[in-house]
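**Student:** Sequence:
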Amino acid sequence: MATSLLHSMALAEDGLDAGIIVRDPSDAFSTANELQLEVFINGSSRELVAAFRRDPDGALAIEPDQLRNVGIYPAEEAMRPDGLIDIARLPGVSFEYDEATQSIHFTVEFDSLSARVVKAHEGVQEGSAAPAARSSFGGLLNYTLFGSTGGDGIDDIWSYEGLSGWFEGRLFSPAGVLTASYIASSSPSELYGSTRLDTTWSYSSQKWMTTARAGDVITGGLSWTRPTRLGGVQIQRNFGLRPDLVTMPLPELAGSAAVPSTVDVYVNNARRVSEQVPAGPFQITDLPVVTGSGTARIVVRDALGRETTSETPFFASSNLLASGLWDFSAEVGFARRFYGVESNDYDGRLMTSGTIRYGLTDWLTFEGHAEGGGGLVNGGAGTVFGIGPYGVGSIAAATSSYDGQTGFQVAGSLELELWQDVHLFARTQRTFGDYNDIAGVTAESFHGSLPEDVVISAAPPRALDQVSLSTPLKFDPSTLNFSYTHLETAAGDRSELLAFSLNRPIGKASLYATAFTDLKEKNSFGVFAGLSIPIGDSVYASTGVSSDSDGTSVTADLVRSETAEIGSVGWRLRDTDGSVTNRAAAASYRSRFARFEAGVEQHNDQYRATGQVDGAIVFAGRDAFLSNRVDDAFAVVDTGVPDVEVQYENRPAGRTNRRGKLLVPDLRSYESNQITIDPTNLPLDATVGATREVTVPADRSGTVVRFDVDTDVKAALVTLRADDGEFVETGATGEIEDKGQSFVVGYDGQAYITGLGSQNRIVIDQPTRGKCVAEFTFEPRQGEQVSIPDAICRPIQ
Numbered sequence: 000m001a002t003s004l005l006h007s008m009a010l011a012e013d014g015l016d017a018g019i020i021v022r023d024p025s026d027a028f029s030t031a032n033e034l035q036l037e038v039f040i041n042g043s044s045r046e047l048v049a050a051f052r053r054d055p056d057g058a059l060a061i062e063p064d065q066l067r068n069v070g071i072y073p074a075e076e077a078m079r080p081d082g083l084i085d086i087a088r089l090p091g092v093s094f095e096y097d098e099a100t101q102s103i104h105f106t107v108e109f110d111s112l113s114a115r116v117v118k119a120h121e122g123v124q125e126g127s128a129a130p131a132a133r134s135s136f137g138g139l140l141n142y143t144l145f146g147s148t149g150g151d152g153i154d155d156i157w158s159y160e161g162l163s164g165w166f167e168g169r170l171f172s173p174a175g176v177l178t179a180s181y182i183a184s185s186s187p188s189e190l191y192g193s194t195r196l197d198t199t200w201s202y203s204s205q206k207w208m209t210t211a212r213a214g215d216v217i218t219g220g221l222s223w224t225r226p227t228r229l230g231g232v233q234i235q236r237n238f239g240l241r242p243d244l245v246t247m248p249l250p251e252l253a254g255s256a257a258v259p260s261t262v263d264v265y266v267n268n269a270r271r272v273s274e275q276v277p278a279g280p281f282q283i284t285d286l287p288v289v290t291g292s293g294t295a296r297i298v299v300r301d302a303l304g305r306e307t308t309s310e311t312p313f314f315a316s317s318n319l320l321a322s323g324l325w326d327f328s329a330e331v332g333f334a335r336r337f338y339g340v341e342s343n344d345y346d347g348r349l350m351t352s353g354t355i356r357y358g359l360t361d362w363l364t365f366e367g368h369a370e371g372g373g374g375l376v377n378g379g380a381g382t383v384f385g386i387g388p389y390g391v392g393s394i395a396a397a398t399s400s401y402d403g404q405t406g407f408q409v410a411g412s413l414e415l416e417l418w419q420d421v422h423l424f425a426r427t428q429r430t431f432g433d434y435n436d437i438a439g440v441t442a443e444s445f446h447g448s449l450p451e452d453v454v455i456s457a458a459p460p461r462a463l464d465q466v467s468l469s470t471p472l473k474f475d476p477s478t479l480n481f482s483y484t485h486l487e488t489a490a491g492d493r494s495e496l497l498a499f500s501l502n503r504p505i506g507k508a509s510l511y512a513t514a515f516t517d518l519k520e521k522n523s524f525g526v527f528a529g530l531s532i533p534i535g536d537s538v539y540a541s542t543g544v545s546s547d548s549d550g551t552s553v554t555a556d557l558v559r560s561e562t563a564e565i566g567s568v569g570w571r572l573r574d575t576d577g578s579v580t581n582r583a584a585a586a587s588y589r590s591r592f593a594r595f596e597a598g599v600e601q602h603n604d605q606y607r608a609t610g611q612v613d614g615a616i617v618f619a620g621r622d623a624f625l626s627n628r629v630d631d632a633f634a635v636v637d638t639g640v641p642d643v644e645v646q647y648e649n650r651p652a653g654r655t656n657r658r659g660k661l662l663v664p665d666l667r668s669y670e671s672n673q674i675t676i677d678p679t680n681l682p683l684d685a686t687v688g689a690t691r692e693v694t695v696p697a698d699r700s701g702t703v704v705r706f707d708v709d710t711d712v713k714a715a716l717v718t719l720r721a722d723d724g725e726f727v728e729t730g731a732t733g734e735i736e737d738k739g740q741s742f743v744v745g746y747d748g749q750a751y752i753t754g755l756g757s758q759n760r761i762v763i764d765q766p767t768r769g770k771c772v773a774e775f776t777f778e779p780r781q782g783e784q785v786s787i788p789d790a791i792c793r794p795i796q
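One point on numbering: in numbering that gives the first Met the number 0, the residue at position 401 of the sequence shown is 400, and numbering is uninterrupted.
These aren't lab readings, by the way, just hints derived from the structure by calculation. One or more hints might be untrue.
DEER-style ranges, computed between Cβ atoms [claimed, not checked]:
(1) M78 with S467: 47 to 57 Å
(2) D492 with S193: 29 to 39 Å
(3) F431 with L497: 21 to 31 Å
(4) G339 with V687: 43 to 53 Å
(5) S467 with L47: 49 to 59 Å
(6) T382 with P242: 22 to 32 Å
(7) G347 with F407: 25 to 35 Å
C-beta: ideal position from N, C-alpha, C; glycine also.
Please work from the sequences and hints to get the whole structure.
**Tutor:** See below:
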């Protein structure tokens, strides 16, 4: 003890806070070693073990990060040349090391405590690992078939008008996805016509969070640029490959607790975090929020139930990137023209485009864009910035040069959440001189086919202004929305659209009204008001009145909404009278194989009947399936046994077919999807290794999920008795002789034994009675659980 007191006195003479080291004096000159010590601060255990270094002179040191993690601020004046913190030199800190309990007890002033960091959301970093997505080999064809009949009178309602179809084919494998889409049509004037839409191969890398595409692509863009269709190649950041990655900055909150307390954090009155914190400052990071404005309320409650509450407003926006995060897109190819009209019309000039975003800080994101080719050079830069808890803003500028013409573009926007839920959005964009981009210069090549009196310019607009304001009323539950749009095209055409809308709940019903006008055109206005009333869970009725320059009409609707569940039925009845006559009736049904819809309609003197089928044909798992449309990923569940019930995320997904398979559509790509089976539907003589599987499918691909169901296990429930009629001991272990198939004996001498043959000899080792041998015959019975009663187990001599 004398050694520790001398060490403390020497430190005190240097003007430093003294530490007390309780240890054996004979260790004073031992070599440096590592200690793993439980940490106590101000009498409370941190429930943490930290690594300390003890020097030959008895001094204790620790790494700065570890010291901060246990709750003490690593002051710079205590830093040693080797980068460790000498805890005896920490201001406002004293300590006592207890060798017997391998613990260290700190006494720390409040200002020397470090903030306890509480992660409200276990976010991931850009380079961190993610569940590996996989894709089986296969293909599918999504389709929509639409047919109609009708004419200029009720007698012509069944006259053939036409048949059309939309088709999307996919081939998928671990090497990527090849997609092709097109539309086909037939009518009395044209027997057959078709147009190719897109043909693209894509491959995605989760590790690099990028997607590479070849074929028909859409260039990346920003709020102040215009994406363009190209036939070429593209490499693009794809945050969708990592749904667990939060790309926008999340709010951070801070506070302090005088004593160990519980901290609850509420976001918009919903509790998001509940955590125990020690005495001292704390910091809440990665708080999960939705985009837009909100209020975070921190409630600190101590052991006596005393509460301290504070509120902090925030604004979260996906337009901002978290600090250090990159987003980019780069393309090269030939501009696509007449998309949806011509199958293979591309401009002959090679074009390039590049877009980049980078989170400089959590409140400032840099943006850049460049494009060129065929004599065009275009480039610009901008920023998106946070405005405290009120909103975000952006500014950008770009310049271009093409065919001796130069021009400039400036753009800016504001999105603000003002007092009492008043939301304001404003945007302006202006071009000067002859500003151009890829869309503008590639569209010029086909303007020559237009009549001379028709002037069309595809160049960016000269002016674009947009303002919208949403505000709730203080004296009424209504919400008002105003919007104004001013557009001046490069050809000089102008429009100013002014719109107003009101929404008000009335019990379970909803009242709504909308009015709009174009200030640049006479008699260009419209007004619509209506009331929507729910009737039950899925049926609602609505009525409304509309008026415009053509007159006034009254509309009534009765609708039953269709759901995504198999067997769901929907229907709609509509009647409109007044300046327009429109009567319609339609019904839809969703089967396991496709969705069907049919309807009849009268529009003034025109009568029409329509029919539509939406579905998919899937080839995967060495089988073919008919299904509803598959927009993202899917799984083929293979149990090998028919009529087994399958659940997807604890919801019924269907039963396996006669081949023991079931297609489960609508899986979420790059996310964990849980699929389970109900073993009660299995045959009595079947065994299953697991009833739950988790699959992570790749983008627009399919996986095969196999359950290890064995219907040829050759198993029986055997009741084992000794010579005296007593059951074999519970817990005894046994095995089939010459096969090594082991089992355990349960209550009443019962054992479930698999791998049986026609003649069987088993050896059982009982805990207190020693070993015994039993012999019996076995004959399997299809679909039944075989029971063998009273097999005699005789002691081994």
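**Student:** Run every hint past the structure and note whether it holds.
**Tutor:** A quick look at each hint next to the structure:
Our hint of 47 to 57 Å for M78 and S467 holds, since their Cβ atoms are close to 54 Å apart. Taking 29 to 39 Å as the suggested C-beta distance range, the pair D492 and S193 conforms, at roughly 34 Å. Range check, F431 to L497: about 26 Å between beta-carbon atoms, so the 21 to 31 Å window is met. At roughly 50 Å, the beta carbons of G339 and V687 sit within the given window of 43 to 53 Å.
A beta carbon spacing of about 51 Å between S467 and L47 agrees with the range 49 to 59 Å that was offered as a hint. A beta carbon spacing of about 27 Å between T382 and P242 agrees with the range 22 to 32 Å that was offered as a hint. Checked against the hint of 25 to 35 Å, the pair G347 and F407 passes, with Cβ atoms roughly 28 Å apart.
Figure legend: structure checked against the earlier numbered hints; every hint is met.
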